[in-house]
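S.K.: Chain order of the listed sequences is A and B. Adding 4 to a residue's 1-based position in the first sequence gives its number in this note's numbering. Adding 3 to a residue's 1-based position in the second sequence gives its number in this note's numbering.
Careful: at least some of the hints might be erroneous.
Simulated coverage check for chain B against chain A, where a stretch passes if three residues somewhere in it have a Cβ under 8 angstroms from a Cβ of chain A [what the hints assert, rightly or not]:
id: 1; region: 243-251
id: 2; region: 305-317
To give an idea of the chain B side of the interface with chain A (calculated C-beta under 7 angstroms), a few residues [said to hold, decoys possible]:
id: 3; residue: 102
id: 4; residue: 254
id: 5; residue: 272
Label pairs and their calculated CB-CB ranges [claimed, not checked]:
id: 6; chain 1: B; residue 1: 268; chain 2: A; residue 2: 29; range: 50 to 58 angstroms
id: 7; chain 1: B; residue 1: 189; chain 2: A; residue 2: 359; range: 25 to 33 angstroms
id: 8; chain 1: B; residue 1: 149; chain 2: A; residue 2: 108; range: 40 to 48 angstroms
id: 9; chain 1: A; residue 1: 148; chain 2: B; residue 2: 97; range: 51 to 59 angstroms
id: 10; chain 1: A; residue 1: 20; chain 2: B; residue 2: 96; range: 32 to 40 angstroms
id: 11; chain 1: A; residue 1: 100; chain 2: B; residue 2: 262; range: 30 to 38 angstroms
No wet-lab data here; the hints were simulated from the structure. Just so you know, even glycine gets a beta-carbon here, dropped at the ideal spot from N, CA and C.
Chain by chain, the residues:
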Amino acid sequence: MAGSMHLSRLRRWFLASPPIEFAITNLKELLVGALRQGPIPQHVAFVMDGNRRFARSHGIETVEGHNLGFEALARILEVCYKSGVKVVTIYAFSIENFKRSKFEVDALMDMAKVKLSQMAQHGDLLDRYGAKVRVLGRLDLLKPDVLAAVNKAVDLTSRNGDRVLNICFPYTSRDEMTTAIRDTVEDYSTPLRPALSANGPARTPFSESHIAHNIRAQTLGSSRPQDTHSDSESTSAESSAQEDDAVLRNDHASRVYESGSSFSSSTTLHLGGQDGHHNKVAASGNTSDGDSPVYMSPETISRQILTDHMLTKGTPPLDMLVRTSGVERLSDFMLWQCHENTEIVFLDVLWPEFDLWHFLPVLLGWQRRISKSRQNPDAEGNFAGDTPETSEEDADNMVLRQTKVKAI
Amino acid sequence: MVSQTDREILRAEIRSRGDKLNAADRENLLKPYLPDPADLAPANSTSSTSPRRSRAGTSSSQRRQKPRRKPIRTFLKSQLYRLTYAITHIFFGIVVRLLQAYHAVVDRIFAIVYHHHRTPELIRKDVRGLKRLPEHLSVILTLHKEDDALAVLMDEVAELAAWSACAGIPQLSVYEKSGVLKSCIPALHQIISTKLASYFGTPSQQPSLQLFAPHHPIHGTAPNPKSDTPSLTLLLLSSTDGRETIVDLTKTLAEMSQNGKLSPEDITPELVDAEISEITTQPLQASGRGVSPLKPEPDLLLVFGPFLKLDGYPPWQIRLTEMYCTGDRNHGMTGYGEAVEYQGFMRGLWHYAGAQMRFGR
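For reference, chain A alone in the conformation it holds in the complex:
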């Protein structure tokens, strides 16, 4: 026991000696720079598991374990951002964690508050180097002082560059999904009328032909999404103006409806279509009546719309999810986001010990697979072959990065 302690001390002294430290730093930098030459996941999520167990096994306080975990986070963020990862999402605190001892919860909250307010003090530095910090989760469950620190940090970093750090603070994925569903439902049950009448020209009151058209629409059903394109060409200028408006909003918030989805019946909205000369079925359920409120058709809800209501909206799809400490469960984290092409990695290392050396093989494996699947996209079980858009995007990024490197 004593021998091993001496040995570890000797090792620590050896590693802390200036030449060795210098060499390790340079080696790490070299490796990170090398990683940047290949494809790099755009969005990585971490479950920082094992702080408590690390503390227990090393005989230190739980809070100390969390502090060391924060150091590990800083280390890994450095690696991620330097190697080109755009978005890092971390699971900092689950809603379930409120069930832990009050002492620990308070200490964690305190730590978050201190870190966030410290961040706020370095406004200038963050401006130049920092990533955007976003806090995802049920902020209403936080205490007011922590919430204030959160808001301040988010505000302060909102103008930063294209790197994003998502902190899932009181978060569970089921809660997120429920909130997304609720928000979508809320969006769809707000009458459309005011928003549209502000932009489009005044609409004529309902006509017989339109009511007949609607009845047809309801009976024929919404199962004809292909018709919409040819349809939209034949509509009057009025409705196309509205469509333009919709497209605009699609660009902005991209949640009015999804145009490219082949899965759900993404019918376009034809609210002002009072003209009787198009016989094809447009959208169902749009009773553009004079009095009763106008809603967007629920049939236009698609996976993309729900994705855009998730807390991670606007971020690239999750490429990789890493969970430390050997627990092979998602524990209510990123369920919606990781269920398709995400590579899920469970590492048998406690989070405070997590470093480039553990992360490197994972990244290398990912790069290997991506480059392989790019070489022969027909191979089964590949990764990027299923999502050609993202791989192309990656390729573009890579080209960009290479030109960047050359430019330097």
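Given the coordinates of chain A, work out where chain B should sit on it, guided by the hints.
M.R.: Then chain B, alone, in the frame of chain A:
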């Protein structure tokens, strides 16, 4: 990459809850580790719309000059990075190949040592020592691209059903992305019955089998509560039971809300959970066969593939599911995904038994 001394300073600072150093001290401490502003300039210039461009605009001209000063050094650096990239990947590739070969050998040995020989007793013996067994096992299978892919897939499902029944796992769900299995439930039932007969022998000893998929009727015989033969419920899932189901639920809820039948505040995780779970349990309850309470959330998810990818598996149910991937064994040799083999199944069960169960992280 922070040096030891600086780290100690920072740690001491954390212990005192951030009142030992002021902001300027911390910035000085950090400075040596931050990249040169010039390195960041090209990255920033892409996002010229950001509002702080106005401030940086004055110095941008001299920044653009800066990279010109040492082109050789940066060129060499990028070449060095590229070289390192190539070398690391060559080494990594060799290591991966060696590990694959090693695992393949181990796998073959396991396959010989642990072979089921189609005897339920042997399988039961293999799981006897385990601390716990999943009540609901879920498996992700992939449909290969060969001509007989469907036949192979159905045989795999049948084998898995037989092993599960032998091991005493009452519920098995099979996920296959395209949902091709759902279209041939009667044929699949036939194949599984034949397979079970080859394991268990006479029909009286066979476990009762119920086979169904969401929105499909149940196929099979109801379990007889009096008999002591094990029963197996087999659920077929496809990618439409994943996100698409949640989208469908949202559609229904939105319609209800538009008609004033529901207020958005009523949507709670409990409601969603009840609705989503019902899809997998509803057919059983509707037919009055809900003798055994069905678990909508699988305990263990086995992925027969080179790496862990959910591939569209229903997201809502896997909150606390343990996941196990059989790993990359023969990928390089046969060129396609993993075969479903008994030792992979067993390894998953062992792994599950050894795992530490902790709810809420």
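S.K.: Flag every earlier hint the structure violates by its number, smallest first.
M.R.: 3, 7, 8
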